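Number of protein chains: 2
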Amino acid sequence: MNTSKPTLYTCLSPSLLHLYEVQDAIVVVIDVFRATSTIAAALYNGAEKIIPVDSVSGAIELGQELGAITAGERDGKIAPGLQHGNSPLEYPRSFVEGKTLVLTTTNGTRLLHMALRNGATEVITGSFANLSAVCNHLIASGRNVILGCAAWKDRVNMEDSLFAGAVVARVREHFQIFCDASLAAETLYRHTQVDTWNFIKKTTHYHRLASYGLEKDMEWCISVDVANVLPVYKEGALVVHS
Amino acid sequence: MNTSKPTLYTCLSPSLLHLYEVQDAIVVVIDVFRATSTIAAALYNGAEKIIPVDSVSGAIELGQELGAITAGERDGKIAPGLQHGNSPLEYPRSFVEGKTLVLTTTNGTRLLHMALRNGATEVITGSFANLSAVCNHLIASGRNVILGCAAWKDRVNMEDSLFAGAVVARVREHFQIFCDASLAAETLYRHTQVDTWNFIKKTTHYHRLASYGLEKDMEWCISVDVANVLPVYKEGALVVHS
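These protein sequence lines map, in sequence, to chains A and B.
Positions 1 to 242 (my numbering) are the ones given, in order, by the first sequence.
Positions 1 to 242 (my numbering) are the ones given, in order, by the second sequence.
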């Protein structure tokens, strides 16, 4: 094992984050359905910044203060008091360019704030929509990495694990990876990538979101490099890495 | 979905156990390398009972009180003050028949006690060595099931996940399974079962145990039905289910 390489770990649930050394690492927040896909979409389409907020009331308050777009869902519907939903397809360039988006989501926002509180060196967000941007950045950085899956109410979920696996498959040779969660994620990804969409249909989140009519959203969210920017958290907001 | 079927969930780490309704369920404690393999081996070879204990000092004390065999390892060696190790191969019938074994292990014992504290209806232990006995019992019971992986210091590990997947693959039709961890475990198992041993060689625990010269142990631990009894926890000890 080449000990000069940085380490990479996959954390499959926020409830396991305390097991990893966040303080020295880049944390990739992964919430494929749909927070980190929507973040990639909005920034790719020219949004100036995205402010992640834990609560609906916090989003309403900050949105009014900044005159920003407020967005967020609870149970697949726009949360009362907010203007927009959590679909990446709601944020075309014609709507979002130059704007600030205040976004609240259940799982992704929480993990992002946990990573910050634990002293992560850098927090970026990842989804299939920006797979290459994430991988290229991790390889170039030369720093330790934690792939942090947002999961669903702390339960391990498939789509976030699969994205972690896609990253591991691409960056493996550049890191020391002594982590069964990374091996599991990569193995799942390699064996299902020939037909990711049909495999996704077996997952719990597919069934939850399909019951709200969100198949199109999910198809977009597992499409590779369709919004290939690198969102990085700086001074309270996610912006395109410069 | 047939709602009359009992539910099955896979819990990939003790740190996630709080997310599941343990109280109404049979919990299968899974610690393939090596606690639950050794438990199966000793009971299969006629041990009267196995008392799982959290600490080395507790094992020494109880062993003296009962005149029992004491066993347990720390870092791959017999723990100071104990008589025997944590290898399933150390417990042939000629040695263990009719005896009481006081066993302390790092991960498996802890999860077993967590399940009991959380009010599990029944706690059984599983490993490849008793795969069929576990599956047959789960199917016959008609109760909700949690497959509890002991993991390694709370980090998700491959061998316990693979065993959970082997169980899911066999019992799936008898349960409602709405759980991505179960889907992940089953998918990993199905795609690696043609050559489990070579896949196991990629895992973290393989490298840890191989460095102590324990390849033979591990090969035994992933062999199906070589000690096909059902250990169940009753009145403070694991005994063969009657």
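The set of hints was computed from the structure by calculation and includes no laboratory data.
Wrong hints could be hidden among the right ones.
Pairs count within a copy or across copies, as identical chains cannot be separated in the list.
[Said to hold, decoys possible] Straight-line alpha carbon distances no greater than 20 angstroms define the calculated SDA-like cross-link-like pairs of lysine to any residue that follow:
| no. | residue 1 | residue 2 |
| --- | --- | --- |
| 1 | 99 | 207 |
| 2 | 5 | 202 |
| 3 | 77 | 118 |
| 4 | 201 | 191 |
| 5 | 202 | 190 |
| 6 | 201 | 172 |
| 7 | 202 | 178 |
| 8 | 153 | 178 |
| 9 | 201 | 178 |
| 10 | 77 | 143 |
Keep in mind the model is a prediction, meaning the values are calculated, not measured.
Hints and how they fare:
no.	hint	in the structure
1	99 - 207	neither (33 angstroms within a copy, 51 angstroms between copies)
2	5 - 202	between (36 angstroms within a copy, 18 angstroms between copies)
3	77 - 118	neither (31 angstroms within a copy, 35 angstroms between copies)
4	201 - 191	both (15 angstroms within a copy, 18 angstroms between copies)
5	202 - 190	both (17 angstroms within a copy, 15 angstroms between copies)
6	201 - 172	between (28 angstroms within a copy, 17 angstroms between copies)
7	202 - 178	between (29 angstroms within a copy, 9 angstroms between copies)
8	153 - 178	between (26 angstroms within a copy, 14 angstroms between copies)
9	201 - 178	between (30 angstroms within a copy, 12 angstroms between copies)
10	77 - 143	neither (39 angstroms within a copy, 35 angstroms between copies)
Figure legend: structure checked against the earlier numbered hints; hints not met, in rising order: 1, 3, 10.
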